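K.L.:
As a plain string of letters, each chain reads:
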Amino acid sequence: GAVVSQHPSRVICKSGTSVKIECRSLDFQATTMFWYRQFPKQSLMLMATSNEGSKATYEQGVEKDKFLINHASLTLSTLTVTSAHPEDSSFYICSAWPGLAGLETQYFGPGTRLLVL
Amino acid sequence: KQEVTQIPAALSVPEGENLVLNCSFTDSAIYNLQWFRQDPGKGLTSLLLIQSSQREQTSGRLNASLDKSSGRSTLYIAASQPGDSATYLCAVIKPWGIYGGSQGNLIFGKGTKLSVKP
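Protein chains in written order, with our numbering: chain A, 1 to 117; chain B, 118 to 235.
Heads up, a few of these hints could be off.
Said to hold, decoys possible - Once the Cα atoms are required to be at most 25 Å apart in a straight line, the calculated DSS-like pairs of lysine-lysine come out as:
id: 1; chain 1: B; residue 1: LYS118; chain 2: B; residue 2: LYS234
id: 2; chain 1: A; residue 1: LYS14; chain 2: A; residue 2: LYS66
id: 3; chain 1: B; residue 1: LYS185; chain 2: A; residue 2: LYS20
id: 4; chain 1: A; residue 1: LYS55; chain 2: A; residue 2: LYS66
id: 5; chain 1: B; residue 1: LYS159; chain 2: B; residue 2: LYS185
id: 6; chain 1: B; residue 1: LYS118; chain 2: A; residue 2: LYS14
id: 7; chain 1: B; residue 1: LYS230; chain 2: A; residue 2: LYS41
id: 8; chain 1: A; residue 1: LYS55; chain 2: A; residue 2: LYS14
id: 9; chain 1: B; residue 1: LYS234; chain 2: A; residue 2: LYS41
id: 10; chain 1: B; residue 1: LYS234; chain 2: A; residue 2: LYS55
id: 11; chain 1: A; residue 1: LYS14; chain 2: A; residue 2: LYS64
id: 12; chain 1: B; residue 1: LYS118; chain 2: B; residue 2: LYS159
id: 13; chain 1: A; residue 1: LYS41; chain 2: B; residue 2: LYS159
id: 14; chain 1: A; residue 1: LYS20; chain 2: A; residue 2: LYS66
id: 15; chain 1: B; residue 1: LYS185; chain 2: B; residue 2: LYS234
id: 16; chain 1: A; residue 1: LYS66; chain 2: A; residue 2: LYS41
id: 17; chain 1: A; residue 1: LYS20; chain 2: A; residue 2: LYS64
id: 18; chain 1: B; residue 1: LYS118; chain 2: A; residue 2: LYS64
id: 19; chain 1: B; residue 1: LYS185; chain 2: A; residue 2: LYS14
id: 20; chain 1: B; residue 1: LYS227; chain 2: B; residue 2: LYS159
id: 21; chain 1: B; residue 1: LYS230; chain 2: B; residue 2: LYS159
Said to hold, decoys possible - The following label-pair restraints were derived from C-beta to C-beta distances:
id: 22; chain 1: B; residue 1: PRO235; chain 2: A; residue 2: ASN70; range: 42 to 52 Å
id: 23; chain 1: B; residue 1: GLU134; chain 2: A; residue 2: LYS14; range: 33 to 43 Å
id: 24; chain 1: B; residue 1: GLU173; chain 2: A; residue 2: SER18; range: 39 to 49 Å
id: 25; chain 1: A; residue 1: SER18; chain 2: B; residue 2: ALA195; range: 20 to 30 Å
id: 26; chain 1: B; residue 1: SER170; chain 2: A; residue 2: CYS13; range: 38 to 48 Å
id: 27; chain 1: B; residue 1: VAL130; chain 2: A; residue 2: THR80; range: 20 to 30 Å
id: 28; chain 1: B; residue 1: SER176; chain 2: A; residue 2: HIS7; range: 22 to 32 Å
id: 29; chain 1: A; residue 1: LEU68; chain 2: B; residue 2: VAL130; range: 21 to 31 Å
id: 30; chain 1: A; residue 1: GLN29; chain 2: B; residue 2: GLN168; range: 18 to 28 Å
id: 31; chain 1: B; residue 1: GLN168; chain 2: A; residue 2: GLY61; range: 27 to 37 Å
id: 32; chain 1: B; residue 1: SER169; chain 2: A; residue 2: CYS13; range: 35 to 45 Å
id: 33; chain 1: B; residue 1: PRO235; chain 2: A; residue 2: GLN42; range: 28 to 38 Å
Please keep in mind that the hints were generated in silico from the structure rather than gathered at the bench. The structure presented is a predicted model; accordingly, all values stated were derived computationally and were not measured. Ideal Cβ placement from N, Cα and C applies to all residues, glycine included.
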């Protein structure tokens with residue numbers, strides 16, 4: 001149980017285009033979904049938190065107009081990188097949290113590797 | 118600001134050895150601490166979660182300890198196998214309401230890349 005999927009697993013795009021990444025909890029409802037990114041040899045860093053039906057909360061330094069997050073249902077969250085640039089190339093990972101206060105781990109997706117040319 | 122450090126950054130051992138991975142954090146006001154493994158190009162698999170009131174957790178050949186007062190955790194792997202080769206990440210979980218921002222937010226270290234040679 002507790003499987004989280006991400007699509008696509010890998011994407012290459014041209015600079016200036018937008019890329020959408022989907023995160024789905026397959027067998028549970030996720031009260032909250034988190035989006036992280038990981039640059040080479042760096043820590044996973046939280047970008048934003050999304051609760052179903054409400055606006056995402058972004059971490060300091062993350063541009064909300066560039067990284068659009070939609071959490072339209074309890075099983076799906078999307079991250080759209082708008083007007084992508086080479087510096088956005090990174091590994092993006094989502095996680096889903098079932099919502100039991102402090103007692104449940106987050107379940108992570110397999111990640112999406114984005115390369116912007 | 119909470120910072121998580123993992124030492125060593127990389128470790129190579131022969132199969133069968135017991136080993137210890139270290140994690141330290143700067144602010145002892147954590148909710149939980151969690152150890153993950155990450156395989157190349159893949160997501161994270163949770164290994165052990167230690168709640169702040171606990172001192173250790175065990176699962177199979179893995180044992181994780183937590184000393185909040187000193188800001189340290191260790192992951193002990195017994196009788197290592199080639200299949201244990203991966204990057205091991207330590208993450209502390211912010212307590213709610215103190216730092217603001219998101220609930221259940223994880224702050225990760227950079228990881229220890231483990232290679233177990235057959």
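K.L.:
When the hints from earlier in the document are held up against this structure, which numbers fail?
P.N.:
1, 3, 5, 6, 8, 10, 12, 15, 19, 23, 25, 27 and 29
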